[in-house]
Amino acid sequence: MTVSRRHRAAGAAGALLAAGAGLGLGELTAALVGGTSPVVGVGTQLIDRAPGPAKDWAVKNLGTADKPILVGTVLAAVAGYALITGAIGVSRRRVALGMTVVLGALAIAAAATGRSLADSTVTRLLPGIVTLVVATAGVGLVLRMLRPAARSRGRSPDEWSDRTDAPAGFDRRRFLATTMAFGAAGAAGLAGSLLTGGGVDDSARRAIRIPRPGSPAPALPAGVAADVPGVSSFVTPNRTFYRVDTLLTVPRVDPRSWRLRVHGLVDRELNLSFGDLLDRRLVERDITLTCVSNEVGGPYVGNARWIGVPIAEILREAGVRAGSDADAVKSTSVDGLTIGTPLAALTDGRDALFAVAMNNEPLPFDHGFPVRMVVPGLYGYVSATKWIVDFEVTRFADFTAYWTERDWAEEAPIKTSSRIDVPKAFARIKAGRAVAAGVAWAQHRGISKVDVQVDDGPWQPATLAAEASIDTWRQWTFRWDATPGTHKLTVRATDRDGQVQTADRARPRPNGSSGWHNVVVMVE
Amino acid sequence: MQSNLIRRAGLAAVSASLLLLATAACGSEDEPSAGSAPAGSSSSSAPAASSSPSDTMADPAMNLVGPGCADYAKAVPSGKGSVEGMAQDPVAVAASNNPLLKTLVAAVSGKLNSKVNLVDTLNGAEFTVFAPVDTAFAKIPAATINKLKTDDKTLTSILTYHVVPGQLAPDAVVGKHATVQKGMVTVGGSGDALTVDKAKVICGGVRTANATVYLIDSVLMPPAS
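In order, the protein sequence lines correspond to chains G and D. Using this note's numbering, the letters of the first sequence correspond one by one to residues 1 to 524. Using this note's numbering, the letters of the second sequence correspond one by one to residues 525 to 749.
Any given hint could turn out to be false.
[Stated by the list, open to error] Below, simulated DSBU-like cross-link-like pairs (lysine-lysine); rule was C-alpha separation at most 35 Å, straight line:
1) K635/D x K700/D
2) K673/D x K424/G
3) K635/D x K488/G
4) K639/D x K677/D
5) K700/D x K673/D
6) K430/G x K604/D
7) K626/D x K677/D
8) K626/D x K424/G
9) K488/G x K626/D
10) K488/G x K724/D
11) K604/D x K424/G
12) K488/G x K598/D
13) K722/D x K430/G
14) K639/D x K722/D
15) K488/G x K706/D
16) K706/D x K430/G
The hints are simulated quantities; they were obtained by calculation from the structure and are not laboratory data.
Only chain G is shown next, with the shape it has when bound in the complex:
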């Protein structure tokens, strides 16, 4: 182990802690003033700018469990960069300072160009600026302290082995104290940001009392669920309800400061508080949501009981401007994501809601607390804005939304679809009387028929479970005589408009997957 290596290690460690202090204090600033968090800002930019496959991967996976991975990746990259910066800086201080400035500038650039609803440019950029200044000053200080040591590099190893004390000018206690202070500042900043920037905590969310809806959901009819083990539960629990969105950190909006601005081509602009919404007539409905990125047979469909204010009533209050040609609403979530919805779907009498509750509790943070949109019959990416803060009546010709900018269709009614839940893929079942079961959905049109085909045999009608409403999925069962061998079961649904689910296979992009779902099983 040579001295120069040791000092490079010290430089690397010091730079790492200095960068940590910059990031920690940047995060704290973000939490305090509401600007863009440096880490989340860069991560979100990575998602937004990711090309083709990476983007699809992100959309598919980051919505479920893997957002911490991206944050972790950004942090790991920064840590690696800081270590290298410090190691280089011991001998080339200017290069290291330049590298640190670049890092800070990246955070500022991400904040400047990324999605944000921060009030002003200053608040938006401040966290990145804090990160840049603290990290650069910190790295500078660390390297200045190590400088004399680095200069001694030229000495021969013998010379060094004779000495037991530090090289002239190097105060190891001061170095240690300074780097530890950086570490403490970083940790404190991060802890502070977690404490203050998290918005409300879960107990505050749960403590909210949602008033009894003036229009409760109709009682579920008996037999709404197929009585077959393994079939999807009719009501999807919040815990397992699919989640697909683009956010790294789930917003924890404080309902006390939350506002919904209703504006655009309206006669009266509205600015509603959470209390304003709760004071209005609430309706409760069972509505099945579907994500456009669901593959044939995929899991991104779920059914919940929602309570909310009819969007049509808010639009009536605001008054869509006569003769304005308004045909769309552009809604925006607290993080700046935009969604375009046909105005007609919000005013044609269907139960389009500003939802405040999901399955008998205030919306979970993951599902848009405190308020999200729910529109029966449309894929989520054109209707189900979570953490909504802005609702603008406009024209499709006058804007583009987040997903339509990424080659997804502007309008996307949910396609008539069906799925086999039982038996499972490649299941082994006993010969004889066997049962298949699953779900079918065509929200706001309703399911009138489900057929099942065994191998290349004729289509046979499945038994439909009771229908809760045309806005929910419908379960089905099918009994058949299973003979030994390998068999394929295929399902197709027919909606109440008489449209039979298409056999044409399509991938999710641009407006939803299509094709008949099948499953191959082994009968013995």
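Let chain G serve as the given structure and place chain D on it in line with the hints.
Same frame as chain G, now just chain D:
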């Protein structure tokens, strides 16, 4: 003494940064139960693929085994057929984007024999798939392939012998496994020199949304039962 101090400072820096990583990485999951799993991963729900464990999602190129991995990464460095690209799609879709698996994909998607279409089923649960590459199929006599075009039973039997229920990562794949076909397949060897029955693994541990894939150099034949 001094080196000790510096080493200690380094250690403190590393542990502090680990702490920083750990807390930040968990920061968005204060409510671990909520939204962390798609409907498909609960047993009472959809038959579709659950999302892969998050620790392996970070870098699909990690944990690959086999002498052909580097060549494959060089030949298909990016796009949907690359190791990273395959990780986002369910296995049958991922395989269709892999230029080495044209024959296998034709065989599982009804193109070789219209009565044999396993695409949705392969996409519908977690599996380990031993995937013979095109040159593996080329070793089979043309007459045999022709027979499979009409003999759906034998074709299905051969194909399902290449599928094991559940995902087996390279560190868990060695051993005997019951296949979907029911016959037992034997994975032997170690490190970059794995074998599956008599076939050699070209590149294994390739992640897709619902299955782990091992590219192999020969088509496996189920033992006569």
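Structure-based check of all given hints:
no.	hint	result
1	K635/D x K700/D	holds, 31 Å
2	K673/D x K424/G	holds, 27 Å
3	K635/D x K488/G	holds, 16 Å
4	K639/D x K677/D	holds, 9 Å
5	K700/D x K673/D	holds, 30 Å
6	K430/G x K604/D	violated, 39 Å
7	K626/D x K677/D	holds, 21 Å
8	K626/D x K424/G	holds, 27 Å
9	K488/G x K626/D	holds, 23 Å
10	K488/G x K724/D	holds, 32 Å
11	K604/D x K424/G	holds, 27 Å
12	K488/G x K598/D	violated, 39 Å
13	K722/D x K430/G	holds, 32 Å
14	K639/D x K722/D	holds, 28 Å
15	K488/G x K706/D	holds, 18 Å
16	K706/D x K430/G	holds, 15 Å
Hint compliance for this structure: hints 6 and 12 are not met, and every other hint is.
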